[in-house]
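Following the hints, put chains B and C in place on chain A, whose structure we already have.
Chains as they are written, first to last, in my numbering: chain A, 1 to 292; chain B, 1 to 310; chain C, 1 to 439.
None of these hints come from the bench; they were simulated from the model. Possibly wrong hints are sitting among the right ones.
With beta-carbon atoms standing in for the labels, derived distance ranges [stated by the list, open to error]:
#, chain 1, residue 1, chain 2, residue 2, range
1, C, Pro368, A, Leu95, 51 to 59 angstroms
2, C, Pro368, B, Asn70, 47 to 55 angstroms
3, A, Thr197, B, Leu80, 50 to 58 angstroms
The beta-carbon is built from N, C-alpha and C at its ideal position, and this holds for glycine as well.
One-letter residues, chain by chain:
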Amino acid sequence: MAASTTVAPTTTPPQGPSSRPRRRGWAFHAVMVPFTLLWIAPMAFVLTIAFRSFDDIARRGLGALPTSFSLDGFTTALQDGAIGRALANSALVTLVGVVVTLFLASLAAFALSRYRIPFRRTILLGMLAGNLLPPQILLIPVAKITESLGIYDSLFALIVVQVGFGLGFYTFVLYGFMRGIPNEVLEAARVDGAGPTRIYARIIMPLCRPALAALAALATTWIFNDLIWAVTVLRTEDKFPITAALLNLQGGFVSNWNVVASGAVLAALPTAIVFFAFQKHFVSGLLVGANK
Amino acid sequence: MSSTATVSGQATTGPPHRRRPAAAVRRVPRIVWLFLLIPLAVELAWVFWPAINSFSLSFTRWSGVGAAENVGLDNYRNLLDDPIFRTAAKNTVIWTIGFGGLSVLIGLALAVALNRPRRGVGIYRSAIYLPMVFSLVVTGLFWRVLYQPDGAVNSTLEAIGLDGVSRQWLADPDTALYAVLVAAVWRQVGYIMVLYLAGLKGVDPSLEEAAAVDGATAWQRFRHVVFPQLRGVNTVVFAVTVIDSLRTFDIVWAMTRGGPYDSSQLLSTYMFQQGFTLVNLGYGSAIAVVIFLLAIGFIITYLVRATRED
Amino acid sequence: MSTSRISRRGFLAGSAALGVTGVLSGCVGGGSSDDDGGTADTSSTEAPSDASGPVVLQSSLSDPDPKAALESVLNGYTEGDVTLNTVAIENYRAQLPTYLSSSEPPDVLTWYAGSVARDYASKGLLLDLSELWEGDGACAGFSDALRSLSSADDGTQIFVPTNYYWWGIFYRKSAFDEWGVEPAETWDDFLALCEDLQQQGVTPLSMGTGSTPWVASGWFDYLNMRVNGPEFHRALLAGEHSFDSAEVRAVLDEYAKIVPFIDPNGRSYSWQDAVTPLVQKEAAMYLIGAFITQTVPEEDVDDIDFFRVPIIDASLPVGEEAPTDGYFAAANSTRPEGAKALLSYLAQPDSQQQFIEESGSSNLPTSPDVDTSGFSPLVQKGIQHLEETDEITQFFNRDSSDELQTTADTALTRFLDNPDDVEQILADWQSAAERVFEG
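If we strip away everything but chain A, and leave its shape as in the complex, we get (with noise of 0.2 angstroms):
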C-alpha cells in the first residue's frame, strides 16, 4: 500500500480550499490515529492472549493486561494441534488448486476472446454465472458425487472442487483482459506459421502477465481461506487444511484461549506474508476486476 501511495502525489493537485492545511492535517490525524488504534486493537488483543500462559488467564481472567510471557500456546498449537500440517495441507492444495484453475481458465479466455466460437459470449457469461452460484447449493451433490468417486475425504477432492468453482470467474477476468491485446501481435505470429498452442504459450501468456499475478494474489487467498468445501469434501484430521484445523484445535482446547489465540495467529501468518509480499499485485489485481 505505501508504494503505491508515494507514486500518486505527482499527478494529485493541491485541493481547493487548502487555506488552513495545518489545523485540516491535525483534525485528520485526531481522527484517524484513534480510528486505526480501534481498528488494529482486536489483532493486539488476540496476539498479547497469544503469548500469555494458561495460568495467568485462568487467574486472571481474558480482559486483564498481561503479567506473563510464555511460548506454551505455540508449542501446543504446533504440537498437539498440528497446525504445522495443516498449513502444510493449505500450502499446496492452494498452490496446486491457484496454478490448475488459472491454466485452465486462460485456456478457456484464450480461445473465447481470440476465435469464432459461435455463442461465446452466453458461454461466456454462463461460465461466471455458475462461479456466482452461491456455494451451499452446491455443497450436498459435491459431497455425494466425491464419494461416488471414490476421492471424498481426499485432498485432490478439495483441489478439484476449488478449481470447478473458481474456474468462471477467472475466465471471465482473463477474457477481459486477453481481448485488449493487439490483434496485430498474433497476425505477426500467425504469418510466421505458429499454431494455437504456440500464440497461447509464447505470446498470450506472457502478455497476460499482469493479470495472472493478480489473479493469483487474489485466488490465493479465497482458497487459503476456505472453510465450507473443506468441512464438505473432508473428514480427516491428517487432512485439514488450515481453516477446518483451527475449528478443531478451537474445540480440542476448549477454554484454553492462549491455545487457541496462538493457532489463529499462526494461521494468519502465511497469508499476512503473502499479503505484504505482493500487495502491489492486490491492489492491481482488483483493478483487473473493476475493469469488468
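Coordinates of chains B and C only, in the frame set by chain A:
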C-alpha cells in the same frame, strides 16, 4: 502497476476491441475447441451438474442412504411453516443489508479520506486493510475471544464507565447476529476501501478542481463529480458484497453456529445444519435453492449491468 | 498421508470429471427412481476398496487427556494398523450422520449407547456386532443391562460399551466448609441452600450452555425424573408424550426456580469453561457428569465431591443418569473384520482400565473383570451411587436421538433466558419434536 494503466486507459478511451472483426479467424482450429471444452467440462461437472442435482434433490426426502423418496413440493411447503427458516431468511436479509451497507459506507468514507497523500496515510491504509488477510475462521476466533464475558469488549466498556452496556454479546439472542456482523464488517471494510481507492485513482482530478473553483462544497463535489466516475467500481463492489454476504458461513459457524437458539441462524448455516448435521438432504437442498433464488436476482442485475457497459 | 493413494484415485476421478459422463451416470440421490441399492449403485465407480488398509477409528475424544489416553491404548494394539482420527466433539456431533451414511465411512466410531445408537441402527448404518457378545467374545461377560443397552430393535448388538459414568451435583468440599453449608437432600433444602449461597455472594450454580447447550438438558432430565418419574421420562423421549403437556410444564416450573441461581455468564461458556468458576470457588455447584474431574487441576481433584440431585416426589422410583460411552462400527465399513478385532481389543479389561486411568476422568469400566478397588474414593462413591438407584437412564440425546437433542437445546437455552415464556417455548418444542419423529 502496469495493469492499472491499462484499466484507466480503457475506462476513458472506450473498449479497444473495435478493430477486431476483420482480422478474426474464420475457422476455429480443433485444438482451440479443446482449450475451451476442457475447462468447460470441469465446470459443468463440478458446478452445473451438482446444481441441477440440488434442484432435483429439493423435491425429495433423502437421508443419504438408499434411494431418495419423491415428495413433490413438500419441502418447500414445510419451509413456509418452519419458524427457524423464517428467522434465517430474515437474518439473511438483515445480514446482506447490514454487512453490505456498513462495509461500503465505511470503506468508501475511508477511501475518500485516505485517497489524498499525506503523512501517515500509508500506515492508516495498511492497518485498515490488514484484517482482510485473515480468514473468516480466524476473524471469528479473534472476535470470540474479544466477546467473552471477561474479554476485551466488556473490559473496555467497563473501563470507560459503560458497565450497563456490557453484556454477553454472543450468548444474547438480541445481539448475537450483530456481534458477528461487526466482526465480518471489520474484516471487509479494508477490502472495499482498497477497491474504492483503486477507483479513485481513475477519477479525473481536473474536474473536481473545476468544481471547487465554481464554489461547490466538498460534499457536492463528491456527490456530483467524483461518485459518478466510480460507476465501474461500484458494480464490482456491489457484486462482491452481495455474493460475499449470501455466502457467509464460516464466520457464523466459527462464532455462534447459528445460536443461541437459532437467533443468529442464516440461510447458509441453517442449510448446513439441515443437510449435514441432521442429514435431511432434501430439505437442505430446498434451502439451498432458496439461497440460489435470492442470489440469482442480484446476479441478473449484475450481469445486465456488466453487459450494458460493454 | 498416503500420497500414492491420492494420485491413483485422482487420476481416476480426473478422467471421470473430464469425461463428464462418468459423473453423470452416478446421479446423486440414485436418480430418485432406480433400485433401492443406493450404496450398491455407487460401488461400481468406487475405487477398489483397500480392505487391507489400516482400520480408521473416528474419535470425538478431543479433550487433550482422553485423546492422549486413547492414543496410548491404541499403541498397544498389535493385530493391525489403526488410523486414529480425532475431530473436535462439537464438529463431530454435527457430522456424525454424514460420516455414517458415507459410502466409504470410517470403520469404528466413538459414540453413545442407548436409543441414539439404536436410532442409527434402525437406519441401517451400523454393523452387527453380535458375535462379540457371544461365546468368548470380548463383551460376552458384560452385564445384561449393558447388553440390552447395546442392542438394536431387532435384538442384534450394535455397540461396544467401554466405560460409563454417573451424573451428580459436584462441589468443592473445602468451599462448602468455608461457606458453612451442607449438601441438600430434598428439593426445598436445595433451594434454601442456593438462596443461602447467593446471600453470601457466591454463585450457587455453574452451567456452561454456550457452545455446549446440551448441558442444559441435564437438569431437565433429572427434574423430569424427580417430578414425573423415570418411566414418563423415557416415554416422553420416545415421542409418546407431548412436550406441551402439563407434566412437562410442571418440570419447567421447578426448573424456573433454579434459573435465578445459575451463573449468567454460563450462557457464553462451554461445559469446560464453566468448571473454572467452581474451581475458583466463585460458583458453588455444577450438575454434570463425572468427566468433570478431567478439567479440574490435579491438585484440586481430591477436594471434589458430589451429591445426588434432591428428591422432589418421594413416591417415585429414583432415576439416575449413567451414560455409557463406547464404540460402534459403520455398516458400510470395508474392513468389518478389522473393525471387530479392534473393538474386541478396546473392550478388554486392560484397555478399559488403561484408558480410564490415563484420561483423568472418573469414568467406570464396563467390564466386570476390571479391579476397581484401587480407584479413588470419589469413584467408589459413584459406583455405590449407581448401585443404590432404582432406575438408570442415559442422557437426553442418548435416550432419544441426536436430532431430538437439537430441539431440546433450542427450547432449554431459550427457557433459561426467558423462564416466563414457558407456554410458547413448549409449544414450539413440541412442534419441532413432531417434525423429528415424523422425519
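Okay, the hints, checked on the actual structure:
1. C:Pro368 <-> A:Leu95: 51 to 59 angstroms: For Leu95 (chain A) against Pro368 (chain C), whose Cβ atoms are near 55 angstroms apart, the range 51 to 59 angstroms holds.
2. C:Pro368 <-> B:Asn70: 47 to 55 angstroms: 51 angstroms, holds
3. A:Thr197 <-> B:Leu80: 50 to 58 angstroms: Taking Cβ atoms as reference, Thr197 (chain A) and Leu80 (chain B) lie about 55 angstroms apart, which means the hint holds.
The structure is consistent with each of the numbered hints, conforming to all of them.
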